[in-house]
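Chains A and B are the protein sequences, given in the same order. The letter at position 132 of the first sequence is residue 132 when you use the numbering used here, and the numbering goes up by one with no holes. Count along the second sequence starting at 1, add 1000, and that's the number in the numbering used here.
It is worth saying that the hints were derived from the structure and are not from the lab. Among the hints, a few may not be true.
As the list claims (entries may be wrong) - Ranges of calculated distance between the beta carbons of each label pair, as one might list FRET restraints: (1) A/R95 x B/T1119: 35 to 41 Å; (2) B/F1099 x A/P142: 45 to 51 Å; (3) A/Q134 x B/L1144: 53 to 59 Å; (4) B/E1100 x A/V140: 48 to 54 Å; (5) A/N129 x B/V1017: 23 to 29 Å; (6) B/E1014 x A/E14: 55 to 61 Å; (7) A/C12 x B/V1017: 27 to 33 Å; (8) A/N101 x B/T1119: 43 to 49 Å; (9) A/P76 x B/G1123: 46 to 52 Å; (10) A/D112 x B/D1087: 50 to 56 Å.
Using N, Cα and C, we set each Cβ at its ideal position, and we do this for glycine too.
2 protein chains.
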Amino acid sequence: MTALAPFVEIICMEFNVARSIEILSATPGTLQSLLGNLSEEWTTSSGIEAKRKAEIWSPYDIIGHLLHADETDWIPRARIILGRGDDLTFVPFDRFAQFENSKGKSLAQLLDEFGRLRTENIGILRAWNLTDAQLDLEGVHPELGRVTLRQLLATWVVHDLNHVRQVATSIAKRYEAEVGPWKEYLSILSP
Amino acid sequence: MTALAPFVEIICMEFNVARSIEILSATPGTLQSLLGNLSEEWTTSSGIEAKRKAEIWSPYDIIGHLLHADETDWIPRARIILGRGDDLTFVPFDRFAQFENSKGKSLAQLLDEFGRLRTENIGILRAWNLTDAQLDLEGVHPELGRVTLRQLLATWVVHDLNHVRQVATSIAKRYEAEVGPWKEYLSILSP
Chain A
1 MTALAPFVEI
11 ICMEFNVARS
21 IEILSATPGT
31 LQSLLGNLSE
41 EWTTSSGIEA
51 KRKAEIWSPY
61 DIIGHLLHAD
71 ETDWIPRARI
81 ILGRGDDLTF
91 VPFDRFAQFE
101 NSKGKSLAQL
111 LDEFGRLRTE
121 NIGILRAWNL
131 TDAQLDLEGV
141 HPELGRVTLR
151 QLLATWVVHD
161 LNHVRQVATS
171 IAKRYEAEVG
181 PWKEYLSILS
191 P
Chain B
1001 MTALAPFVEI
1011 ICMEFNVARS
1021 IEILSATPGT
1031 LQSLLGNLSE
1041 EWTTSSGIEA
1051 KRKAEIWSPY
1061 DIIGHLLHAD
1071 ETDWIPRARI
1081 ILGRGDDLTF
1091 VPFDRFAQFE
1101 NSKGKSLAQL
1111 LDEFGRLRTE
1121 NIGILRAWNL
1131 TDAQLDLEGV
1141 HPELGRVTLR
1151 QLLATWVVHD
1161 LNHVRQVATS
1171 IAKRYEAEVG
1181 PWKEYLSILS
1191 P
C-alpha cells in the first residue's frame, strides 16, 4: 500500500463548510449550462414505461430528484440534528418522488426552482456558522443508523456530483450506437 | 430482450449535426460553472508522482486534455476524412500531452482557451454544412481501423460527456472518507 500513500494523502480532503459551499453553489449553474439549451431528445425519456423509467433516469428526472432532495432531505435533516429533540431519526427520503412531483413542469422550470431553492439553502447553511462541535452531532438515518452532521453535509456535496455524473451518462448513452468502434475507449458507455 | 425494446427505441438517438452541436456548445460553460469558482484543493493534484497522475487525472489535467483534443483531434481528423487524400490515416492522439502542454498555465487560462477554441471549432463544423454522404466518408484510425466521419463526430460529443463525468468523479472522490456510511448509496464513489 506504500505506493498509494501520496495519492491518498493529497487527494483526500477534510470536510470544510466553506469548501463544501463552493460545490453546492456551482451545481445549479453547471446543470443549467449543460441542459439549458438542449433539445428534449437529450433530456427526457417520455414514453418509457414507468418501471424502466425508475431504473434509467433522464436528465429531467434527475433535476426533479435534486429539487426534491433540497426540499426534504439536507436542510430538514440538518435541522433534526441541530434541534436535539427526543427523536433524532430522519424522515425517510423518497428517491422516486420526482416522478409525481415534476408532472406538468418543464425542465426549465425545474432548473429555475432548483437554483432558487439551492440559493436559499446555502443561505441557511452559511447563517448557521457551524462549529466543529456541531458538525460532530449525530442524527439517526432510518437505514444507516447514526451519522454526523459533517457526514450529512459531505454527502450533500457528493450527491450533487453523483447526479451531475448521472446526467452526463444519461445523455451520452443516447449516442452509444453512433460512436461505432470508439465505444471501447469511452468508459461512460460501459454498462 | 422484448422488455428492453421501449428503452432502446426511445433513448437511442440517431446522429445529427445540429443536436451534436448543442452538446459541444454546452461543454465549456458547463466546466466553467463547475470549476470556475472552486479552490485549488478541488481541482489539482499537485505533488502526486507523475506515474499515478497519469492514472488519476485532476480536473486541471482533464481540461488540458480536452483543449489538446480540440487542437489536434476532432477537426484535424475530420479534415483528413473530408480531404480524401492518399493517406486517410489519422495522426495518433497523445492522451497524455496535457501533462507537458499545461505547464505554467492556470486552470482559468485553460478554461478560457478551451472555450475560445471550441467556439472556433463549432464555427468550422457548422460552415461545412455536412451532407449524409459526407458523414458516411471514412478515415483510418491507427488502432481501430476504418471509421466514418459520423462516428468521429458522435465520439467528439460522447468524449465531452465522458470528461464532464470524470471531472465530477475526480472532485467527489476527495470527500470519499467524509461521507461515512452514505458511501454505499453513492455510485460515484464505487471503484
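Against the structure, the hints:
1. Taken as a hint, the range 35 to 41 Å holds for the pair A/R95 and B/T1119, whose Cβ atoms sit roughly 39 Å apart.
2. Between B/F1099 and A/P142 the C-beta distance comes to about 46 Å, which sits within the given range of 45 to 51 Å.
3. In this structure the hint that A/Q134 and B/L1144 lie 53 to 59 Å apart at CB holds, the actual value being about 55 Å.
4. For the pair B/E1100 and A/V140, the beta carbons lie near 52 Å from each other, so the given range of 48 to 54 Å is met.
5. The hint said 23 to 29 Å for the Cβ distance between A/N129 and B/V1017, and at roughly 52 Å that hint is violated.
6. Between B/E1014 and A/E14 the CB atoms are about 47 Å apart, so this pair departs from the stated range of 55 to 61 Å.
7. One distance hint, 27 to 33 Å for the beta-carbon pair A/C12 and B/V1017, is violated here, with the actual separation near 43 Å.
8. Distance hint for A/N101 and B/T1119: a CB-CB separation of about 37 Å, inconsistent with the stated range 43 to 49 Å.
9. Distance hint check: the CB atoms of A/P76 and B/G1123 are about 48 Å apart, consistent with the given range 46 to 52 Å.
10. Taking 50 to 56 Å as the suggested C-beta distance range, the pair A/D112 and B/D1087 conforms, at roughly 52 Å.
In the structure shown, a violation is registered for the earlier hints numbered 5, 6, 7, 8, in ascending order.
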